[in-house]
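Trainee: Chain by chain, the residues:
2 protein chains.
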Amino acid sequence: MYFPSWLSQLYKGLSRPIRRTTQPIWGSLYRSLVQSSQRTNPEFNSFAVRTNTCGELRSSHLGQEVTLCGWIQYRRQNTFLVLRDFHGLVQVVIPQDESAASVKKILCEAPVESVVRVSGTVTSRPAGQENPKMPTGKIEIKVKTAELLNACKKLPFEIKDFMKKTEALRLQYRYLDLRSFQMQYNLRLRSQMVMKMREYLCNLHGFVDIETPTLFKRTPGGAKEFLVPSREPGKFYSLPQSPQQFKQLLMVGGLDRYFQVARCYRDEGSRPDRQPEFTQIDIEMSFVDQTGIQSLIEGLLQYSWPNDKDPVVVPFPTVTFTEALATYGTDKPDTRFGMKIIDISDVFRNTEIGFLQDALSKPHGTVKAICIPEGAKYLKRKDIESIRKFAADHFNQCSLLGKLRLECADLLETRGMVLRDPTLFSFLWVVDFPLFLPKEENPRELESAHHPFTAPHPSDIHLLYTEPKKARSQHYDLVLNGNEIGGGSIRIHNAELQRYILATLLKEDVKILSHLLQALDYGAPPHGGIALGLDRLICLVTGSPSIRDVIAFPKSFRGHDLMSNAPDSIPPEELKPYHIRVSWPTDSKAERAH
Amino acid sequence: MYFPSWLSQLYKGLSRPIRRTTQPIWGSLYRSLVQSSQRTNPEFNSFAVRTNTCGELRSSHLGQEVTLCGWIQYRRQNTFLVLRDFHGLVQVVIPQDESAASVKKILCEAPVESVVRVSGTVTSRPAGQENPKMPTGKIEIKVKTAELLNACKKLPFEIKDFMKKTEALRLQYRYLDLRSFQMQYNLRLRSQMVMKMREYLCNLHGFVDIETPTLFKRTPGGAKEFLVPSREPGKFYSLPQSPQQFKQLLMVGGLDRYFQVARCYRDEGSRPDRQPEFTQIDIEMSFVDQTGIQSLIEGLLQYSWPNDKDPVVVPFPTVTFTEALATYGTDKPDTRFGMKIIDISDVFRNTEIGFLQDALSKPHGTVKAICIPEGAKYLKRKDIESIRKFAADHFNQCSLLGKLRLECADLLETRGMVLRDPTLFSFLWVVDFPLFLPKEENPRELESAHHPFTAPHPSDIHLLYTEPKKARSQHYDLVLNGNEIGGGSIRIHNAELQRYILATLLKEDVKILSHLLQALDYGAPPHGGIALGLDRLICLVTGSPSIRDVIAFPKSFRGHDLMSNAPDSIPPEELKPYHIRVSWPTDSKAERAH
Chain A
1 MYFPSWLSQL YKGLSRPIRR TTQPIWGSLY RSLVQSSQRT NPEFNSFAVR
51 TNTCGELRSS HLGQEVTLCG WIQYRRQNTF LVLRDFHGLV QVVIPQDESA
101 ASVKKILCEA PVESVVRVSG TVTSRPAGQE NPKMPTGKIE IKVKTAELLN
151 ACKKLPFEIK DFMKKTEALR LQYRYLDLRS FQMQYNLRLR SQMVMKMREY
201 LCNLHGFVDI ETPTLFKRTP GGAKEFLVPS REPGKFYSLP QSPQQFKQLL
251 MVGGLDRYFQ VARCYRDEGS RPDRQPEFTQ IDIEMSFVDQ TGIQSLIEGL
301 LQYSWPNDKD PVVVPFPTVT FTEALATYGT DKPDTRFGMK IIDISDVFRN
351 TEIGFLQDAL SKPHGTVKAI CIPEGAKYLK RKDIESIRKF AADHFNQCSL
401 LGKLRLECAD LLETRGMVLR DPTLFSFLWV VDFPLFLPKE ENPRELESAH
451 HPFTAPHPSD IHLLYTEPKK ARSQHYDLVL NGNEIGGGSI RIHNAELQRY
501 ILATLLKEDV KILSHLLQAL DYGAPPHGGI ALGLDRLICL VTGSPSIRDV
551 IAFPKSFRGH DLMSNAPDSI PPEELKPYHI RVSWPTDSKA ERAH
Chain B
1 MYFPSWLSQL YKGLSRPIRR TTQPIWGSLY RSLVQSSQRT NPEFNSFAVR
51 TNTCGELRSS HLGQEVTLCG WIQYRRQNTF LVLRDFHGLV QVVIPQDESA
101 ASVKKILCEA PVESVVRVSG TVTSRPAGQE NPKMPTGKIE IKVKTAELLN
151 ACKKLPFEIK DFMKKTEALR LQYRYLDLRS FQMQYNLRLR SQMVMKMREY
201 LCNLHGFVDI ETPTLFKRTP GGAKEFLVPS REPGKFYSLP QSPQQFKQLL
251 MVGGLDRYFQ VARCYRDEGS RPDRQPEFTQ IDIEMSFVDQ TGIQSLIEGL
301 LQYSWPNDKD PVVVPFPTVT FTEALATYGT DKPDTRFGMK IIDISDVFRN
351 TEIGFLQDAL SKPHGTVKAI CIPEGAKYLK RKDIESIRKF AADHFNQCSL
401 LGKLRLECAD LLETRGMVLR DPTLFSFLWV VDFPLFLPKE ENPRELESAH
451 HPFTAPHPSD IHLLYTEPKK ARSQHYDLVL NGNEIGGGSI RIHNAELQRY
501 ILATLLKEDV KILSHLLQAL DYGAPPHGGI ALGLDRLICL VTGSPSIRDV
551 IAFPKSFRGH DLMSNAPDSI PPEELKPYHI RVSWPTDSKA ERAH
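In order, the protein sequences belong to chains A and B.
The first sequence maps to residues 1 to 594 in this note's numbering.
The second sequence maps to residues 1 to 594 in this note's numbering.
Hints should not be assumed to be uniformly reliable.
What the hints assert, rightly or not - According to the in silico footprint, chain B covers these stretches of chain A (three or more CB under 8 Å from chain B):
1) 234-247
2) 403-414
3) 520-531
Said to hold, decoys possible - Subject to a maximum C-alpha distance of 30 Å in a straight line, what follows is the list of computed DSSO-like cross-link-like pairs (lysine-lysine):
4) B/Lys235 / A/Lys235
5) B/Lys511 / A/Lys154
6) A/Lys576 / B/Lys235
7) B/Lys154 / A/Lys511
8) B/Lys196 / A/Lys309
9) B/Lys160 / A/Lys511
10) B/Lys377 / B/Lys389
11) B/Lys469 / B/Lys403
12) B/Lys235 / A/Lys224
13) A/Lys511 / B/Lys153
14) A/Lys576 / B/Lys439
15) A/Lys332 / A/Lys382
16) A/Lys165 / B/Lys511
17) B/Lys377 / A/Lys511
18) B/Lys576 / A/Lys576
19) A/Lys576 / B/Lys507
20) A/Lys196 / B/Lys153
For the record, the hints were derived by calculation from the structure and aren't laboratory data.
The beta-carbon is built from N, C-alpha and C at its ideal position, and this holds for glycine as well.
Whole structure, please, built from the sequences with the hints as guidance.
Mentor: As structure tokens, this is what we get:
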């Protein structure tokens, strides 16, 4: 059993295509909040002033004296109230007799979402009043004592309506949004899945969890790195985009098998569905080849996969970068459905259709097609028009067919066909990427397709000295349902080769990496690794519309914390120790005027 | 069994008082590298191109064909070499027959610390050549094939001598230092102990591992927070000193039981044995009181404690802040030994000794003593002199007696008495701290003794409105062998009380915390928590002289990464997107001249 049953039970109540229905309501989840009696469940009441959680009580608890703590979900006619904690809901009977007047007063006057502690007896509900939709629906609590732990002011809106509100409002009141079932589920599933990954790596396969610094030196071309001013004038730390250098240095240091759930930083300005800080499952090992890393990751995902989903089948299929582009028009294909791109040039070799003749007469000219299954049945005339328009709009983009494939899938799904089952998880390895790409600014120069530490494909090493553009790398990407969720490579462990690639091919300043080059000279073992994007992975597993739904306190797409209003102004005197001044845009205009 | 036996076996080879002998040599540890056959051991060879680790081979492997990867530790007369990996050492026989000339060439010519892969057969050593000090000492490897995976250039010094070198050199070549037994042991123990803590919190007690942001807003009085410029002119993130606000907001969000192995940041400039980034085991829970948190932590340490040490005995003793000061002269007493401070005023009430009369005649005047056990036997005349001088030097410091107690302990140990057994771990809770302290700059104003979210002692709430200086708090410190390794408190969950303390008593600008105050208004549950300093804890457990010895890539005491030379200069054009300029010290002089 991979997952605590209470969590998976909790999940089953979610309607299936959650990707499109993101407003689960506590009420609809009653039946799913089944507390299992399995011994693998954690003890939720240890060290606390309660005896039980609200959600765990059943007929088996009848007659027990319990103390519960929770939030008032709602109250009915001053006779009942429903108390909520993370685990579920329970009905509490408000005593009506004179001797319990003070208890009645507390429970009737406390506003909704106030926090109370109640003690009383678990009793059967009167016949006919059971609620079969509620896991605790056979019982209720006859209260003896009650205490108002904290009164709640009037909320900006009801907790159950949170998912319906604008995201800005949800982020501003994140601490209220977190009370929603969906956020509780997402964060708890994330915690559990990471814990299983740790067990697999650390306990089963001898990996060492090592923390690496985040205050580091800038990396070559690290234009997306946040800076941290130090107390030395003009000297800055950088917040690295990944522990890449450190994990390679750990291999040189003989640590052999490293992993870390690593916080990484990337300053991309405003980008939708990106976060300035994000988390990756960062892995590196020595004496390994590409297939070794792939098997490790397949086992990792299989082991940590939530057991309320279909088990992960391994090994994952593999396609080369070239095949992926030819077949799906993208290097991160969604393989939950077919509609592959097919070369039909031969069919038209002798055609008299002018534009096809033109295409085929050009060097490397081809005619390609996508077969839309039952397209004639599902697609309407205006759909065909929109496909035609889409194609025209994206004309001359080599990724056109890949985009068209997804566009057609969207259209088919709009018309009721299920192409991309949200409960299906289709993993795919993409391998044999090119080692270099032409630089965008200057296509005669090369840049690393991934990063400069990626080892060339063993068969292509000779090409580095003749036609480096043609060299393939030992980089591999892991794709899930059309999303890149991880990437890694076998690294260069030979200092001479690393120097040649950095200095001669990439024309980088090697001084900035002298420590790494020196380390490779001192007995670096062959090594390789991978990093999985945890936020994206959990987002896909939970079917969330955004990675912000699987992060407790995310930034807005502009990089703001809408709750606390970060980033914020800093008094000039607090900048002094760091020897920096703000260059106000007006200042710089004034300077230019000089 | 708490700890993988291979790790604890490995440990037992360390001579006991490691605090003082920090140069463990691989050679002396042979006998401790016993590979247990227990099934709890992780699989170290999965996914790798080796069949076995060097350190695991025994007579039970005789006749097996094995492939090993490792570093050449040393070579003897071109007939043997010793191969090392993280797990231990094994003897490899260099073949001498003509047909294996290429193998011989590789193994004889590769410099020490080169990385090789060898394949061959596990055989018995010839009679009389066994090495009982070496766990693999009964066997050797008859090599058939060998491959030089990476040649090593001449090292700046031998790996086994690393601990003897200056720390600056060790930090500069950290990737070599990491190959030392002690660093391997420290980092692996750290990983294991944290893993056990996670199991305890997550699997046994239902805590949720939640990541909180490190790019946040500055906190009141956050003068020690690093700044991170954003792309908005004049707006900065801060790197928080702890997830304090977030963990409280998680409680408001109903997450109930939170933990995180949290990266924290503190810019204290140059401080010995402090790091600009450090790690804490960060915990918060709802519906808990002080004793609940204490029991939780006692259980946590008991569960995660390395099993090569004496088990942790719970509950830990508790003293109040006042008692600690009176008895030990410090709020973090080392309770491994007695020598308590005793009030002997009554003995001297009628004394005629002038300076004692003087002391006793003053208000609150007391005479206190420390009894040094067998002092007369152990201490020499010059020791007494040095005690007298120490007392004179620290005259008028209220912590004098506490310091004197430790000074005397040092002296006794120099003379051969064992007072502070390095294998003894003496935990202590210190409770009932004052809630406020007078501000250093202006003693009429108050500042929080710990932080402004600390709840007052239930018996002292009325004092907040009359004599706040006298109010005790619900803060608790955990002390181990005279070091503070953790601290926490029950928090204020009442918005009105929090506002009163912030605005009226502390005179803080409450605007900067408006989100937290608002959160308390919306049904915040009673909650409390704690943070353990992981670096310090592991430092004490491993008996390391510095926290730098339990961190893979620490900064020097000036905050430098000596390996990569961080912090570093940044080209002015890379500062532009952040709207900052460097204020060079010469500039500011020029400005002052205006």
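Trainee: State for each hint whether it applies.
Mentor: Outcome of the hint check:
Judged by the Cβ-Cβ criterion of 8 Å, the region 234-247 of chain A is covered by chain B as claimed, because 8 of its residues qualify and three suffice. A count of 0 residues in the region 403-414 of chain A with a Cβ less than 8 Å from any Cβ of chain B is obtained; the coverage claim is therefore unmet, three being the minimum. Judged by the Cβ-Cβ criterion of 8 Å, the region 520-531 of chain A is covered by chain B as claimed, because 7 of its residues qualify and three suffice. For the hint pairing B/Lys235 with A/Lys235, the CA-to-CA distance comes to about 20 Å; that is within 30 Å, so the pair holds.
Taken as a hint, the B/Lys511 and A/Lys154 pair is honoured in the structure, with Cα atoms around 21 Å apart against an allowance of 30 Å. Simply put, A/Lys576 and B/Lys235 have alpha-carbon atoms about 15 Å apart, close enough for the 30 Å limit, and the pair holds. Of the supplied pair hints, the one linking B/Lys154 and A/Lys511 holds, its CA atoms being roughly 21 Å apart against a limit of 30 Å. Using a Cα cut-off of 30 Å, the hinted pair B/Lys196 and A/Lys309 holds, with the two alpha carbons roughly 28 Å apart.
As the CA atoms of B/Lys160 and A/Lys511 are separated by approximately 29 Å, the hinted pair is consistent with the 30 Å bound. This hinted pair checks out: B/Lys377 and B/Lys389 have alpha carbons roughly 20 Å apart, not beyond 30 Å. Between B/Lys469 and B/Lys403 the alpha-carbon distance is near 26 Å, which keeps this suggested pair within the 30 Å criterion. Distance restraint check for B/Lys235 and A/Lys224: the Cα-Cα separation of roughly 17 Å lies within the 30 Å cut-off, and the hinted pair is therefore satisfied.
Pair hint A/Lys511 plus B/Lys153 holds up; C-alpha atoms about 19 Å apart against a cutoff of 30 Å. In summary, the hint linking A/Lys576 to B/Lys439 is supported, as the alpha carbons are separated by about 23 Å, within the 30 Å threshold. A C-alpha spacing of about 29 Å is found between A/Lys332 and A/Lys382, which places the hinted pair at or below 30 Å, so the restraint holds. Pair hint A/Lys165 plus B/Lys511 holds up; C-alpha atoms about 26 Å apart against a cutoff of 30 Å.
Only pairs whose Cα atoms come within 30 Å are accepted, and B/Lys377 paired with A/Lys511 is rejected, the gap being roughly 62 Å. A distance of roughly 18 Å separates the Cα atoms of B/Lys576 and A/Lys576; the hinted pair therefore holds under the 30 Å criterion. Proximity of A/Lys576 to B/Lys507 is assessed by CA-CA distance (about 24 Å); at most 30 Å being required, the pair is judged to hold. A hinted pair counts as satisfied when its Cα atoms are at most 30 Å apart, and A/Lys196 with B/Lys153 does not qualify at roughly 41 Å.
In terms of the numbered hints stated before, the structure departs from hints 2, 17, 20, listed from lowest to highest.
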